[in-house]
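Visitor: Chain order of the listed sequences is A and B. Numbering-wise, the first sequence is residues 6 to 347 according to my numbering. Numbering-wise, the second sequence is residues 6 to 347 according to my numbering.
Just to be clear, a hint being listed does not mean it is correct.
The list makes no distinction among identical chains, and a pair is therefore deemed to hold if it is satisfied within one copy or across any two copies.
Claimed, not checked - Calculated lysine to any residue pairs in the SDA-like style (CA-CA distance at most 25 Å, straight line):
1. K129 - R27
2. K193 - Q19
3. K279 - D307
4. K230 - R27
5. K222 - L209
6. K193 - R24
7. K279 - A32
8. K222 - P121
9. K230 - M16
10. K222 - T109
11. K279 - D309
12. K129 - A341
The hints are simulated quantities; they were obtained by calculation from the structure and are not laboratory data.
In case you want the letters, here they are:
2 protein chains.
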Amino acid sequence: MSGNIPPIDVMCRQAALDRQARLTKPAGALGRLEDLSVSLAAMTGRLDWLPTRRAVVVCAGDHGVVAQGVSAYPQEVTAEMVHNFLAGGAAINVLSRQMGARVTVVDAGVAGDIPPHPDLVSGKVAPGTADFSIGPAMTSAQAAQSVELGRTVARREIERGLDILAVGEMGIGNTTAASAIIAAVTGKPVGEVTGRGTGVSDELLAHKITVIERALKVNDPIGEKTLQKVGGFEIGAMAGLMLEAAAARIPVIIDGLICTSAALVAAQMEPEVKGYLVAGHRSVEPGHRAALSWLGLTPLLDLDLRLGEGTGAVLAMPLVEAAMRTLQEMATFDDAGVSGPA
Amino acid sequence: MSGNIPPIDVMCRQAALDRQARLTKPAGALGRLEDLSVSLAAMTGRLDWLPTRRAVVVCAGDHGVVAQGVSAYPQEVTAEMVHNFLAGGAAINVLSRQMGARVTVVDAGVAGDIPPHPDLVSGKVAPGTADFSIGPAMTSAQAAQSVELGRTVARREIERGLDILAVGEMGIGNTTAASAIIAAVTGKPVGEVTGRGTGVSDELLAHKITVIERALKVNDPIGEKTLQKVGGFEIGAMAGLMLEAAAARIPVIIDGLICTSAALVAAQMEPEVKGYLVAGHRSVEPGHRAALSWLGLTPLLDLDLRLGEGTGAVLAMPLVEAAMRTLQEMATFDDAGVSGPA
């Protein structure tokens, strides 16, 4: 199931660049939308691609490290928010309705029981990870299982019809796991890549940094061991989603800090996945900048979001559509009889 | 017709703030979308407002200052692009179709003849302004006429049914006028607020700066004289559109450098207009930052756009909708049975 991500289509990339140069606008005047259209053409191998069939997959999991008091919210909120997603009341539901994206929720490792629901994939690897400040977050078999869960969900979504995938998450304590992953992969100091998550105090932030530093010391989370040592089940599932979508040439819009830490995990497994990622937004979490930079991605939106759930990814969908529609539908200078530069 | 912009609704503003605090997300986690929802509630006086009926008005005009060789494109391109707008082939047409916004084009002062068209308002004040590097761009009667043209178009759009208005423009040479207005109003040095427009060389940029400095010296464009001395007919029309929409409590999404220079002109006439403006995006033009800062606005998008036409304003429409939908449709902590911070 691994090593099957195709290279991006350089011919189609060049065709998109050539067409952009002939459209009725000064060269480069659509800025990042032009770059985005060229990237999307390279990913999909098509100039006529549109993000019509849209899905967001929200992966949920709990984290043993919350025992260290790293979050402002109690662990029950993970399960409570999963119920909120399934009832349609969360921000990701509202935004997905607006953008015409279907929502699938994955229980990758929530501590509480979640009753069956048509929009829920019950894939619980375990009811929360172990406390990674004192040992590995999970076994290597559990890490592999979480990634395979994401791959399975991606295949199911592709079978339902899929042009673009947004990935999001929910899990009290998971900014702690994400910052640990980002520090481990990028080599940045923990203090530089750790933020307030749902909103911890100065004192708690300092404590959170100490906990992550201890976790990195205890675990030595190098290379493909990162997910197992300091990750989370929802993070593994998100990595699997990205890898399987990329294998099918389906662009993936990534969200904030935690989702992007999953992209690092995916890129450790198959670096080619990076060619199929679109960064939806830049979060206020300081580690997000480091993670995006490591991936070579520039985010489309910068709206001081720090919610997760896939909200920043789904918000970027109209920009993805706009990039392709301008490429496809604008008149060329020749067609429209518009003069070029003097 | 002036002095009739109502104050923003502070009660509704507070009601929006109160509701944001009860929604199922950490406080402030939707970042700029939360601020935007609060501003829109204050503008419209409604929590249940949505940007359903959408229009973009693209105002076109020519500029006598092109005789000084300040643009990379020949003047004919203004009329040619108006034809392109009416034929549906320009970027603003593509984006407006995507976002469900109707497009109206206003000939406020194009140098060439534009035949009648159902989507065109023929309001030509004159076939281009005078060269403002050697004297005033227009008479004071023409300045008033251009503003009244915009007001008339706004009233017509309101009669057609309007919830949100995006404003855009086309006019070869109009970044020169916009930078002159921005320097005059903000007091910033011309070199700081002048950019490459459609893409002039280093040499031409230096020349453009010299031309604007001369224009400011020749014209002394203080206060309400700014539009007349160094403005443009499309800039006056855009100012009128903003003033009349604000008087009807209709939020106005402004676009890039030239549109924002029109907002400065409008705010010189009625400062209350500032309360009804949403900044769609930040352009790469250096003067745009100074103009937005003077207005107290932070842009929603930052995509290196420099096209005008209203493209950056229309691209922001889904964010305006998202801000209101999350405010209106998200569950509260009580409704959803989700726990608050521990």
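Visitor: With reference to the structure, classify each hint as holding or not holding.
Guide: A quick look at each hint next to the structure:
In this assembly of identical chains, K129 and R27 lie within 25 Å of each other by CA distance neither inside one copy nor across copies; the values are 51 Å within and 30 Å between. Taking CA atoms no more than 25 Å apart as the test, K193 paired with Q19 passes in neither setting, with 36 Å inside one copy and 42 Å between copies. Taking the shortest Cα distances, K279 and D307 sit within 25 Å of each other both inside one copy (20 Å) and across copies (23 Å). With identical chains, the CA atoms of K230 and R27 are never at most 25 Å apart, being 48 Å at best within one copy and 40 Å at best between copies.
When the C-alpha separation of K222 and L209 is checked against a cutoff of 25 Å, the pair qualifies only within one copy, where the shortest distance is 20 Å, while the shortest distance between copies is 58 Å. In this assembly of identical chains, K193 and R24 lie within 25 Å of each other by CA distance neither inside one copy nor across copies; the values are 40 Å within and 39 Å between. Proximity of K279 and A32 under a CA criterion of 25 Å is satisfied in neither setting, with 27 Å inside one chain copy and 32 Å between copies. Proximity of K222 to P121 under the C-alpha cut-off of 25 Å is found in neither arrangement, the shortest distances being 39 Å within a copy and 74 Å between copies.
When the C-alpha separation of K230 and M16 is checked against a cutoff of 25 Å, the pair qualifies neither within a copy, at 36 Å, nor between copies, at 54 Å. In the homo-oligomer, the alpha carbons of K222 and T109 never lie at most 25 Å apart, since the shortest distance is 36 Å inside one protomer and 63 Å across protomers. For a Cα distance limit of 25 Å, the shortest separation of K279 from D309 qualifies both inside one copy, at 24 Å, and across copies, at 23 Å. For the homomeric pair K129 and A341, the shortest alpha-carbon distance between copies (23 Å) is at most 25 Å, but the shortest distance inside one copy (57 Å) is not.
Checked against the numbered hints listed earlier, the structure breaks hints 1, 2, 4, 6, 7, 8, 9, 10; every other hint is satisfied.
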